[in-house]
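The sequence shown runs 1 to 93 under this note's numbering.
What the hints contain is simulated information worked out from the structure, not anything from laboratory work. Please note that a few of the clues may not be correct.
[Said to hold, decoys possible] So the derived label-pair ranges between C-beta atoms look like this:
1) Ile35 / Ile2: 24 to 34 Å
2) Arg29 / Met1: 37 to 47 Å
3) Arg29 / Lys89: 39 to 49 Å
4) Gly91 / Met64: 19 to 29 Å
5) Val6 / Asn34: 17 to 27 Å
[Unchecked claim] Below, simulated BS3-like cross-link-like pairs (lysine-lysine); rule was C-alpha separation at most 27 Å, straight line:
6) Lys84 / Lys7
7) Lys62 / Lys88
8) Lys89 / Lys78
9) Lys7 / Lys39
10) Lys89 / Lys7
11) Lys41 / Lys89
12) Lys7 / Lys78
13) Lys78 / Lys88
Where a beta carbon is used, it is the ideal one built from N, C-alpha and C, also for glycine.
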Amino acid sequence: MIFAVVKGFLLGLLVSIFNHYIVIRVANRMTSENIHSFKGKVVFRYLIRYATNLLALFLVYKNMPMLIATAIGLTSVKNYLYIKYILKKEGGE
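Work out the full structure: start from the sequences and follow the hints.
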């Protein structure tokens with residue numbers, strides 16, 4: 001069971017890192033002048049992101065510990081960035 005949990009967490013973590021990378025790559029190229037030309041690209045990247053999340057969860061849905069670990073892995077990058085932002089904000093004030 002512990003192997004399934006670790007495998008699920010790593011799957012979720014890798015998918016989450018990939019999702020963050022594909023969205024941030026197009027977001028970094030946007031500027032205020034040409035934001036309209038990037039709207040379609042951003043929407044497409046978010047659709048890819050949601051599809052990969054659903055695919056990762058679908059691949060492990062029969063194994064409950066692995067499913068829970070995958071869900072935790074999928075939220076780990078978001079949580080890390082959120083905590084990093086909060087700590088930076090508290091340190092600056």
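Now the hints, each set against the structure:
no. : hint                      : verdict
1   : Ile35 / Ile2: 24 to 34 Å  : violated (47 Å)
2   : Arg29 / Met1: 37 to 47 Å  : holds (43 Å)
3   : Arg29 / Lys89: 39 to 49 Å : violated (26 Å)
4   : Gly91 / Met64: 19 to 29 Å : violated (39 Å)
5   : Val6 / Asn34: 17 to 27 Å  : violated (43 Å)
6   : Lys84 / Lys7              : holds (26 Å)
7   : Lys62 / Lys88             : violated (40 Å)
8   : Lys89 / Lys78             : holds (16 Å)
9   : Lys7 / Lys39              : violated (35 Å)
10  : Lys89 / Lys7              : violated (34 Å)
11  : Lys41 / Lys89             : violated (30 Å)
12  : Lys7 / Lys78              : holds (19 Å)
13  : Lys78 / Lys88             : holds (15 Å)
The structure shown violates the earlier hints numbered 1, 3, 4, 5, 7, 9, 10 and 11.
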